[in-house]
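Protein chains: 2
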Amino acid sequence: SPTETQRCIEFLITVFQKQGGKESYSYTLSKTEFQNFMNTELGAFAKNQKDPSVLDRMMKKLDLNSDEQLDFQEFLNLIGGMAVTWHESFLEVAHSHKQ
Amino acid sequence: SPTETQRCIEFLITVFQKQGGKESYSYTLSKTEFQNFMNTELGAFAKNQKDPSVLDRMMKKLDLNSDEQLDFQEFLNLIGGMAVTWHESFLEVAHSHKQ
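Which chain is which? The protein sequence lines are S and W, in order.
All residue numbers for the first sequence refer to full-length UniProt numbering, where the first residue is 1 and numbers rise by one.
All residue numbers for the second sequence refer to full-length UniProt numbering, where the first residue is 1 and numbers rise by one.
With the rest of the complex left out, here is chain S (with noise of 0.2 Å):
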């Protein structure tokens, strides 16, 4: 049977193609999908930014080839710039808790 890790990677792709799925061409991310994504997945983070342009930078910021779509390996930097953020935000607080 499948590993956790491998379960999260599959889970990776269904999400991003199911958000994906619901404007024509289903292999990206158009900037409301992206958005509708943001505020039903990550709606913790989405919700509480005061700036209401911070997805949109966001969006920018993850659409290096600007195409006003997030392809698989884009939509995966995102995963990956919130993993980091946590992961640091973590390591302050065991940090803090060493002194």
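Please note: incorrect hints may appear among the correct ones.
[Claimed, not checked] Straight-line alpha carbon distances no greater than 25 Å define the calculated DMTMM-like cross-link-like pairs of lysine to aspartate or glutamate that follow:
| id | chain 1 | residue 1 | chain 2 | residue 2 |
| --- | --- | --- | --- | --- |
| 1 | S | K18 | W | E88 |
| 2 | W | K18 | S | D71 |
| 3 | W | K61 | S | D71 |
Derived by calculation from the structure, the hints in this document are not laboratory data.
With the hints as your guide, set chain W onto chain S.
Then chain W, alone, in the frame of chain S:
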């Protein structure tokens, strides 16, 4: 409650730290810890490689700063690379059905 995406991101942090904690500096993966991760979490991939040097070559490619350790960002590139490869093989299958 956390969404599946949040659980997946949290899992990637946890599996990295669990695997990385086996030797001294617990926030990176040594070569042995990387091989152990591959065999336990991605055994289906790792074990059907005919060429035993595949894991060594993967480690070298992932170890961008050549410090013989994988930090969290380098580890995420591993996960991302696997996800992109599986996603592409999915696209080939989907594409071949359309013809």
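For each hint, the structure was consulted:
For the proposed pair K18/S and E88/W, the alpha carbon gap of about 16 Å is at most 25 Å, so the pair holds. For the hint linking K18/W to D71/S, the alpha-carbon distance of about 31 Å lies beyond 25 Å, and the restraint is violated. With a C-alpha separation of about 23 Å, the suggested pairing of K61/W with D71/S holds against the 25 Å cut-off.
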